[in-house]
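Starting from the given sequences, assemble the full structure and let the hints guide the process.
Note that the protein sequences, when read in sequence, are chains A and B. Just so we're aligned, residue 1 is where the first sequence starts under my numbering, counting upward by one. Just so we're aligned, residue 523 is where the second sequence starts under my numbering, counting upward by one.
Nothing false has been slipped in among the hints.
Derived, one-sided and incomplete: chain A residues facing chain B with beta-carbon distance under 8 Å: (1) Pro360; (2) Lys381; (3) Leu392.
Calculated directly from the structure, the hints in this document are not laboratory data. C-beta atoms are modelled at their ideal positions from N, C-alpha and C, and glycine is treated no differently.
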Amino acid sequence: MDDGVAAVGQEPAVPSGGPPASAVPALAARGVSKWFPGVVANDEVTFEVRPGEIHALLGENGAGKTTLCNILTGLYRPDDGTVEVRGEEMRFRSPRDAFEAGIFMVHQHFTLVQPLTVAENVVLGWSRRKRLWFAPNKVEEEVAEIAERFHMRIDPGARIWQLSVGEQQRVEILKALYRGARILILDEPTAVLTPQEADQLAQTLREMANGGATIVFISHKLPEVLEVSDRVTVLRAGKVVGTVQTSDADARSLARMMVGRDVVLTCKDPRARPFGDTVLELSDVSAESDLGTPAVVDVSFELKGGEILGVAGVAGNGQRELAEVIAGERPHTSGRITIADHEQSGTPWEAIDAGLGYVPEERIGVGVAPGLTIADNLILKSYRENGNGFILHQREIQQNASDLIQRFDIMARGPKTRARELSGGNIQRLLLARELSGHPKALVAASPTRGLDVGATDSVRRLLVDSAEKGLGVLLISEDLEEIMDLTDRILVMYRGRVAGVVLREGADVERIGLMMSGMAS
Amino acid sequence: MWVSVAVPFGSILLAMVVGGIVLVISGNNPLTTYQNIVQASITQPGAFEQTLISMTPLLFTGLAAAVAFRMRVWNIGGEGQLYMGAVGASGVGLFLHSWPAPLVVLAMVVGGIIAGCLWAAIPGALRAYLNTNEILTSLMLNYVALQFTNYLIFGSHSYWRDVSSPEAQVFPSGKNLEASGNFPGLSIRSLVIPLGLMIGVGLAFVLWGMIRSTKYGFEMRVLGDSPRTAKYAGIRTRRKIMSVMVLSGGIAGLAGVSQVGDFNHVLDPRGMQQAGYGYTGIIVAALARYNPLAVILTSFLIGAITNAGFALQGPHFPTGLTGTLEGILLFCVLGAELFTRYRLRWRPTREAPSDRSPGTGSAIPQPALAGGTPGGEAP
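Structure below.
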């Protein structure tokens, strides 16, 4: 890529009037297969991306989207099949090879260095200037120029830690543009954005495509796929179900392709039931982040038995810390936390004893010990009451495990299977089985359906709703606004650690919640 | 499951092959050398007993390291805890010498354990409550303990030092224990099994059972597998780290007790320093993959090699060579761990698209590391 950014702006290959069907595809996979032990991640995947189009790769979690992109960008080598770039067969040995062919990927988790500036991050590892020293002003100018061309609002001199998540994503895209990427692959780019930021991203992508860049983006959200893409390729269980023109598709048909059967897209029925006593109460609770900056600021709310209270917000606005503070894992610097009339001093065991169930955001490594068996993981919170004295009753443990595996539909070879061998959905069922079987009075569920496929998501949601109907108070923290709109009774919006507002779910206005999430309304 | 048994044994075999190559290069016949090792450590008269003696301290220090490492508490201070155990046991033995022998033995054991526990409590508390790196603190305390024992015997007229005769004034040494403080052994025909070894083997079984089926052991397993899960589950992790450190120190202290009571009958700083049982115990534990029962086997193995090393070394067999063989063994066994975590797959590279000629695939195989955990999910 000697011609640098010119590749994007002046790509001559695209005739006006949209990408023609007959052109040589910018990027193609032909019969690509990839096996992992016991899993076929990609099975004879063939698809083509035309130059200058926005191509969505749609599929449930575990459908093989990310694996495919990792093959396209040289992170994995295909076990079978080939990758072609502009009609030429490629054999990537590393992401660097792919990058030299003009392919760049924006990962879900950003690869930015926090203390450096935007410009510094952009040239990190690769610069157009093959000199020993770094000319900050020059680079900042170049970066600003590209940003302006694509109408991306960003200050090249700003440091990454000062930026919002949406802005950080723009830096990743800038990085690709600066390096002259002709094919940009984005892995679930909207997962971390507010609705408004997502709209802006769509606009940027459209402009890039108009400028000749080819864009592949991975998603499992139907509305944005319909809105942004030109064509959609749907993957299911590692196979291509089909590629369709977006203009010919609608949400229902895509959902059917994705899941393989008809799905009910909204499952919410208004639940009218009396709430019980207050099971969780926070008054003016504050806490710090790992860096010692304020993460939760003067948060107050009350949660009643039988109620589902949603906590909405863009990732990183204090939701994770809020969950940890309630669970006693993170000390609160001020305020009062009361769980079922037991005031908390801030330790996990107090919270557990008071009757708090907690489904942490990180399931593996926090909620579940990966190296222990299912049976052991299921007694994590009840082993103190097991048997008598010092000795654990193995039979009781195995019995408990068999019961819960059946009741909560955990797919596993048996109680002695190690937790790390389970799929994401089964790990979440294991976690919920343990938390709910302990008969908690209140449950904090942090992103309980993130990363789960449609089936597992459905069963987790159903469990939460059923438990609430039996009198459990649920605090549902989620970045998925639709999920919150579907399941909750009230919605609390967090912005920069504060409560930006609380609204009743009935009659709530998504647009207004979106503004609250970005701090522009209260 | 068979992998967890086959791999360690296969790796020992591999170590013998690699070690054999080294032996050939250094001008020794590997077969006769291995034969000599077996003779010098097991079959010769008295050799087996000598191996048992070599293995006894390693059994304790190995168990001490295994228990702590299993929980990811990196107690490198076994050496210093051993010294302190020896100081405690010899002090108690000297002080209570007029008591009946069984009581003196018991008091020495208790005294040594307490001394080891207290010494380990220092890095334990620092780690648990101040979040200090226990690798550094426990290691540094080894040197403190070493200087302390030197001081007791060489640098002062302490209670431990023999100052009864003019000769002892010039050549400092510790006071010998009375007969009441000499541990009895179990005699089977001509073989004498030291008391320490019996305690050690029993302890290995106790620890194994504890980790397996007590609540304390369950907490250890959770904490060892995932510290954040332990905190999440309401386990008081600080106390736990502290208590495991103390437990580990007590076991290492027993190594010192056994040195004094079973073998030396005197506080002998130089001898303990040369042996370095505390550090070798870490290797013993690593070879056993931190399994207490396996520590019995690995401490025997290392004990036998150490013992054979003394017998083998001579003009044609430098000391360094036994160390090399030990190193190769450790390297192979720990390296083999990789095979239990990953699968190494050999496959031919696909032929280049330019010269597509069926049937003549590239013959160069290419290794590819596949997957993270066997049976794990595809990323």
